[in-house]
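Trainee: Below, each chain spelled out in residue letters.
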Amino acid sequence: MTEPLLVGEGLYKLIPQRNPIVMVDTFFCADEQSAETGLHVQSGNLFCEGGFLREPGMIEHVAQSAAAFAGYAPYTQGESPKLGFIGEVKKFKIVRMPKVGEFLHTNLRVLGEAAGVTLIAAETKSGEEVLATCQMKIFIKGD
Amino acid sequence: MLIKDYYTINEVITREDGVILFQISLRPDCQVYQGHFPGEPVSPGVCNIQMVKECAEQVAGKPLFLANLQQCRLTTLVTPVQHPQVEVMIHLEEKGEAYKLKATIGKGEEVYLDLKAELTVIG
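Chains as they are written, first to last, in the working numbering: chain B, 849 to 991; chain P, 9 to 131.
It should be emphasised that the hints constitute simulated quantities derived from the structure, not laboratory data.
Any given hint could turn out to be false.
As the list claims (entries may be wrong) - To give an idea of the interface, some chain P residues facing chain B are shown, with a C-beta separation under 10 Å as derived from the structure:
| no. | residue |
| --- | --- |
| 1 | Gly26 |
| 2 | Ile28 |
| 3 | Gln31 |
| 4 | His44 |
| 5 | Cys55 |
| 6 | Ile57 |
| 7 | Lys61 |
| 8 | Asn76 |
| 9 | Leu82 |
| 10 | Tyr120 |
What the hints assert, rightly or not - Facing chain B, according to a computed beta carbon distance under 7 Å, are these residues of chain P, among others:
| no. | residue |
| --- | --- |
| 11 | Cys38 |
| 12 | Val40 |
| 13 | Val54 |
| 14 | Leu74 |
| 15 | Leu77 |
| 16 | Cys80 |
| 17 | Arg81 |
The C-beta atom is built at its ideal place from N, Cα and C for all residues, glycine as well.
Model the full structure from these sequences, guided by the hints.
Mentor: Following this line, the structure appears as structure tokens:
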């Protein structure tokens, strides 16, 4: 696996979310149309219960992965991240919930962009196993 | 409740058409607002989805797994300051081992979030 570009609180340069709801802790890479992110599932996570990361945590991980992707281009230009909001979640299929200790690796792909809305497709894996797939529309709030 | 202190259910009303209406207060003191976002509390969409799921579990009388969120539109930014009282409407249909859920969060005529999902029984 390639060395990540940003880890831990380094992601704060890309996303406006702060603890206790930070749901992405690794930013591997990005180009104009895709990005790869990750999350170590830890027991203190807001969305963990009974040793598992529950469904909203998986959705939020993808949403914040998209936020980090949206924040990456401004970051490379020395700007701070803007607030992003989920406009729509589609076809979020969860195969199983990850356990505490697993590492989530998410691939994002831009399917389209229009009027401040970005449509992305995401796939979240643990190792080689696909845990969840979805599409999401993200709005980025302007100044 | 997965997210501690996120909301309080004030009243549950069963309508004649089978829809269950939950009258809910969103709590501004929930710790999630410390990070979403600092100085600008916005109710996280996923916490609202979780709240809907927990209402559906109360209707089903058992814990459920959100296996497929087919569609969820978040049309209004919800905040505990601007929207302290909300209504969650649950339409839950049992289909074999699974449930089909249609739900909204809103207030009066306004809809802030609407979703369609397939939930399965845990265990």
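Trainee: Look at each hint and say if it fits the structure.
Mentor: Going down the list of hints, with the structure as the test:
1. Gly26: This hint is violated: Gly26 of chain P lies away from chain B, its Cβ roughly 25 Å from the closest one there, beyond 10 Å.
2. Ile28: Since the shortest Cβ distance to chain B is 21 Å, the answer is violated.
3. Gln31: violated, 22 Å
4. His44: holds, 5 Å
5. Cys55: It holds, given that the least Cβ distance between Cys55 of chain P and chain B is near 7 Å, below 10 Å.
6. Ile57: Hint holds; Ile57 of chain P Cβ to chain B Cβ min 6 Å, cut 10 Å.
7. Lys61: Check passed: Cβ of Lys61 of chain P comes within 7 Å of chain B, closer than 10 Å.
8. Asn76: holds, 5 Å
9. Leu82: holds, 6 Å
10. Tyr120: Where the cut-off is 10 Å and the nearest Cβ of chain B is about 12 Å from Tyr120 of chain P, the hint is violated.
11. Cys38: With Cβ-Cβ at 10 Å, over 7 Å, it is violated.
12. Val40: Hint holds; Val40 of chain P Cβ to chain B Cβ min 6 Å, cut 7 Å.
13. Val54: holds, 4 Å
14. Leu74: holds, 4 Å
15. Leu77: holds, 4 Å
16. Cys80: For Cys80 of chain P, the interface hint holds, since the closest Cβ of chain B sits about 4 Å away, which is under 7 Å.
17. Arg81: holds, 5 Å
Hints 1, 2, 3, 10 and 11, counting from the list given before, are not met by this structure.
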